[in-house]
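S.K.: These protein sequences, in sequence, are chains A and B. For what it's worth, my numbering labels the leading residue of the first sequence as 1, then goes sequentially. For what it's worth, my numbering labels the leading residue of the second sequence as 1, then goes sequentially.
There may be inaccurate statements among the hints.
Calculated cross-link-like contacts (lysine-lysine; reagent style DSS-like; alpha-carbon spacing at most 30 Å) [what the hints assert, rightly or not]:
hint, chain 1, residue 1, chain 2, residue 2
1, B, LYS211, B, LYS268
2, A, LYS187, A, LYS158
3, A, LYS60, A, LYS40
4, A, LYS28, B, LYS326
5, A, LYS158, B, LYS169
6, A, LYS158, B, LYS268
By construction, these hints were calculated from the structure, which means they are not laboratory data. These numbers come from a predicted model, not from an experiment.
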Amino acid sequence: MKAITSVSGRAYPLGRENIDTDIIIPAKWLKTISRSGLGKGAFETIRAEVGNIFDDPEYKGSPILIAGDNFGCGSSREHAAWAMADLGIKAVIAPSFSDIFSGNAFKNGMLAIALPQEAIDRLMEVAQSDPIHIDLENQVVTTDFQDRFPFEIDPFRKNCLLNGLDEIGLTMQREDAITAYESHVTKSQSWLVSMT
Amino acid sequence: MPKTLYQKIWDAHIVENNGDTALLYIDRHLVHEVTSPQAFEGLRNAGRKVRRPDLTLAVPDHNLPTTARMDPSGTIIPIADPQSAAQLAALEKNTAEFGVPYIGATDRNQGIVHVIGPEQGFTLPGTTIVCGDSHTAAHGALGALAFGIGTSEVEHVMATQTLLLSQSKSMEVRVDGELNAGVSPKDLILHIIGVIGTAGGTGHVIEYRGKVFEEMSIEGRLTVSNMSIEGGARAGLIAPDNKTFAYLKDRPMAPKGDQWDAAVQYWKTLRTDDGAKFDKSVIINAADVAPSVTWGTSPEDVVPITGRVPDPMSFADPSKQAAAQKSLDYMGLSAGTKMQDVRIENIFIGSCTNSRIEDLRAAASILKGRSKADGVKWAIVVPGSGLVKEQAEAEGLDAIFTQAGFEWREPGCSACLGMNPDKVPAGERCASTSNRNFVGRQGPGSRTHLVSPAMAAAAAVTGKLTDIRDFE
Chain A
1 MKAITSVSGR AYPLGRENID TDIIIPAKWL KTISRSGLGK GAFETIRAEV GNIFDDPEYK
61 GSPILIAGDN FGCGSSREHA AWAMADLGIK AVIAPSFSDI FSGNAFKNGM LAIALPQEAI
121 DRLMEVAQSD PIHIDLENQV VTTDFQDRFP FEIDPFRKNC LLNGLDEIGL TMQREDAITA
181 YESHVTKSQS WLVSMT
Chain B
1 MPKTLYQKIW DAHIVENNGD TALLYIDRHL VHEVTSPQAF EGLRNAGRKV RRPDLTLAVP
61 DHNLPTTARM DPSGTIIPIA DPQSAAQLAA LEKNTAEFGV PYIGATDRNQ GIVHVIGPEQ
121 GFTLPGTTIV CGDSHTAAHG ALGALAFGIG TSEVEHVMAT QTLLLSQSKS MEVRVDGELN
181 AGVSPKDLIL HIIGVIGTAG GTGHVIEYRG KVFEEMSIEG RLTVSNMSIE GGARAGLIAP
241 DNKTFAYLKD RPMAPKGDQW DAAVQYWKTL RTDDGAKFDK SVIINAADVA PSVTWGTSPE
301 DVVPITGRVP DPMSFADPSK QAAAQKSLDY MGLSAGTKMQ DVRIENIFIG SCTNSRIEDL
361 RAAASILKGR SKADGVKWAI VVPGSGLVKE QAEAEGLDAI FTQAGFEWRE PGCSACLGMN
421 PDKVPAGERC ASTSNRNFVG RQGPGSRTHL VSPAMAAAAA VTGKLTDIRD FE
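One chain only, chain B, in its complex shape:
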């Protein structure tokens, strides 16, 4: 029987099939400081070990300040917030105690878990990858079955290298045609979420299919698959191809020599068979996708940049009307306002969605020779990893950003979730390349507009949400 890519990876990882559920083997486990302390504590209390530390990789990212980590003499600068310092110290101590490989805060390889996984070759096609973070979906861009888990499951994977799971349904999102000029992978995934809604993929694994994804770079695919969770799907998938193999070749943790050849041979079989059935199918015409922006407090609240803030009464469902009105009150917007008239005080370029080298290049290409508008009080660029930062500096991108009035920071999750000191002040707006515009997400009272890196850069220049096509 023809199989979907999801079915193939699922079947290849069954340790035991129990009918409704299966015990599934986990090939790779990424660990960070926020969702792991209680899991290590659970192991310790039960006298258990990490079963396969060699398949586990830990790195701090969520809570870490993005300001300088060492002074000019190379001395580590202590973290001011005692709670953050304690949580970061706990990760270092726990990984040492349990023998888990650890990339420390001052290591040049440090970065956001979902940026360093692919970058190090830890993420491979056909693997199962988990992390106590919902944006683990990102790794599906390389054809891995990757999904976020809670801390109890983190502990379960540490102890057993397996998870007990029910199989999800399969969903196809096919994008035919070609994207218009000025439309980035971020615009596409925002558009998709706007179409399917934040619960559209609940209970499903989404496979992104069609010419648009085949032609997209690996970094673009990572942006798309990353936000599968914003469409309710625990995982996204894109079939691995020659681009994937070229991206992974010679990465530090990727297979080498004969192992590489054997791996590629296997990876080439990881495609949905002709005639395989999906439980749900959504087809989108690439030509319909415009540079996109969110107006509300849910990632499904998407309009084209040329659009207007919708009238809550335009929604059919009364509960949606109430939710939209609440969003507009929170966002300080009124129905009918042109999105391009919305003024922006803060710019955040970063997050596991958009902090890779292509993202920084896209933003820098807009900012080159320009400066941020006076009304923009705070603009930061937070590279996804130390290696991305080095690459950007080698290309001179840091100078473009700082000359435009941006702060050039150390890698981490930063203002995406407002956990470290990088926050958007209450009542102020942020054009953000992150993934969630939830109430209070970027700090209490913060107002987030999700955009692509180029659109964030354009907003910095004009001081308001701006159509990137006007810059080209």
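So here's chain A without its partners, still in its complex pose:
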């Protein structure tokens, strides 16, 4: 995972709530065995709408997406995060996220930042014409107009993101603890760790 400390730039003012992962990337694009190239199918149904923000030269290539409540609900497909990353999106700001999507975003070094609806409303306004700045180290979203919105992030996730840590590598260093757990369970509840 690449380290990420800040994201700065224009934002897609999407604003809609309940954007499910079928909207982010429809199932027909999931036949791939690769992580890359999914940007072509990203937000396909929205991009079929005339004058959509994703193909508007004003916003095209923006590193930030602003959305409504419950972003990323539905299917667990990580292809949603991959498709957004392929479009160049590095951060999503919304009032809330589905649990699975926020995990998938994190694993791909993408920021999923939850802010109150009032902050979202203000950022939607700013995004029409001006950039937005996300400072991960100081956990704050700012604009060129003195707006300042602090956000919460899990300290473990923050550390991984800032340092680009490989979570699997970190866990594999805990091999002794995993083995100890398995041998304990093998004694007390053998059916759990051995299939008949």
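Using the hints, position chain B against chain A.
M.R.: Relative to chain A, chain B alone:
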């Protein structure tokens, strides 16, 4: 201190507690073709192995066509779509390379991951179960802590048999009283989602409690827990009981002999203690639940079948008003239309929500001696597994379906997600027993109405959404 069932399973699986997060042991990992190729690739690139292939089980389901897989001579019929064929071949190759048990497309045990897990006894009470699929929540019906994960987490579980997780909050959904005649588990879970909303369970694990769930069959419980994710909860749970144990006994992968006895003894402790506190509690009166149907493009857009398409302006929140209007435009419906006047061109009976033997029996009981209406162009039944299909055929259900004008297919996810060739044409409606009515879910431009198996069958007969109680 009294503990919830969720807390008990969580505590029993902690490898290391790190304060905000815990390294949690994963007992069972289900793998399918769509969300695993990139995980296997990651392992390969890093020179890593699957740590516990013996606790892993792979099966193709999402992408697999549901038409005949072998010709009459027993020769495997090649898959027409080259991308699908490549993805399915990748699963076979990856599982062979990494030594993961694999149930192939032509194996009689093949089926939807969430149908075969319980069916094989791979799913057990008190276990942690993951799969790269959000409907993994289904397995909670047997008292397992089961949840969907992304592909990076699939790779993490393959490499370490653990996940690093923050504990969720606990939520109780209690349904008191008795369900009315004609009201199925599917109607109940649709009703629950309508009450709590699609984000109602976000950050929570839902435990379903109360007499209604105690009296419900395991298959009904699977339908309910399956759709926990549509209420925003990553996992659902129902305390295991004698029904659970009877369901699991002698399943191929369930414990046997002394191990079985020891397991049952432990499973009996898996109940929320009296006095345990939930972070959130929702209480529903079973008598309030009617046969239910969705009108919009979110699973929370639920009304009783006797209801009408709502007026977008009836929602208090302006963003909800806009969303409802957008849904109605997409669905081609206008406010005030009676749900029972909505015409249906397609019927899908299947998916990990409703493709088990009881579901097929419920649909067949409506269709027996009847035929689909002329206006219904396409009606398919897709059993959840090869074993469900065999059972249904032994009971003669396939004949009832085909005589009613349905196609009787091979097992898989099919038209639930429109990934394989089974799709609903643009602009047409489908009464579907699946779990999501999202925009384009069953194919680009498809219009989905989520219903129970009996209601899907009734809609096939009348050609419009129909109150199942009129058939009884």
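S.K.: Each hint should be assessed against the structure and marked as holding or not.
M.R.: Hint check:
Between LYS211 of chain B and LYS268 of chain B the CA atoms are separated by roughly 18 Å; this keeps the pair inside 30 Å, and the hint holds. Straight-line distance between C-alpha atoms of LYS187 of chain A and LYS158 of chain A comes to about 38 Å, which puts the hinted pair past the 30 Å bound. Taking the CA atoms of LYS60 of chain A and LYS40 of chain A, the gap is about 13 Å. The hint holds against a cut of 30 Å. For a cut-off of 30 Å, the pair hint linking LYS28 of chain A to LYS326 of chain B stands: about 23 Å separates their Cα positions.
Taking the CA atoms of LYS158 of chain A and LYS169 of chain B, the gap is near 21 Å; set against the 30 Å cutoff, the hint holds. Of the supplied pair hints, the one linking LYS158 of chain A and LYS268 of chain B is violated, its CA atoms being roughly 40 Å apart against a limit of 30 Å.
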